[in-house]
Amino acid sequence: MAKEITDLCAQINYRAVCELASSLDSGKICSIEHLSEFAWSGALTGCANYHARIRFDDKSATWLLRVPRIMGFAVGFPVHLAEYLIHSEFATLKFLETVGVPVPRAFSISITTQGTYRGIGICFLLKEELTEGPWGVEAVLVGMDGN
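Position 46 of the sequence shown, counting from 1, maps to 46 under UniProt numbering, and the rest follow consecutively.
It should be emphasised that the hints constitute simulated quantities derived from the structure, not laboratory data.
No residue lacks a Cβ here, since even glycine has one placed at the ideal position from N, Cα and C.
Hints may be right or wrong, so weigh each one.
[As the list claims (entries may be wrong)] Below, computed lysine-lysine pairings styled on DSSO-like, alpha-carbon distance capped at 30 angstroms:
hint, residue 1, residue 2
1, Lys59, Lys28
2, Lys59, Lys94
3, Lys94, Lys28
[To be verified] Quick list of the computed label-pair ranges, beta carbon to beta carbon:
hint, residue 1, residue 2, range
4, Leu96, Ala10, 21 to 27 angstroms
5, Val101, Arg15, 20 to 26 angstroms
6, Tyr84, Glu4, 19 to 25 angstroms
7, Val79, Val99, 18 to 24 angstroms
8, Gly46, Asn13, 33 to 39 angstroms
9, Glu4, Lys94, 17 to 23 angstroms
10, Glu128, Glu19, 14 to 20 angstroms
11, Leu96, Arg15, 17 to 23 angstroms
12, Leu85, Arg105, 17 to 23 angstroms
13, His80, Gly119, 27 to 33 angstroms
Go ahead and model the full structure; you've got the sequences and the hints to work with.
In structure tokens, the structure reads:
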């Protein structure tokens, strides 16, 4: 997995990521935390996506750069499927924002086969990082105990 992540990261123009994030957040300066920079690094990489954390210098919000791990699957993860999933997640988050569902805010996407790579070099989704931790079914089950 280390080589795959290293190869994936080599495709990303992190300067362009920060320029885009800054332009979307009132010009605030930001920096990127790469996978190797934190002790619990596995928390930001799943079987389908790699994440890099975007921190703004004013310590306001923290965002995630979500990148599909196209090379991470033994059988190959089709690029068109990865792009479809990124586009679908972006559209879903934007819709849920409009109806008041508490979801991370989605800021931007890139679908490279459509030429919207924004100089970053890969398919991605920029979204807000939730700080509350993972949401699980346990909360729902606890709420159902009285029924």
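Hints not upheld, ascending by number: 4, 5, 7, 8, 9, 11, 13
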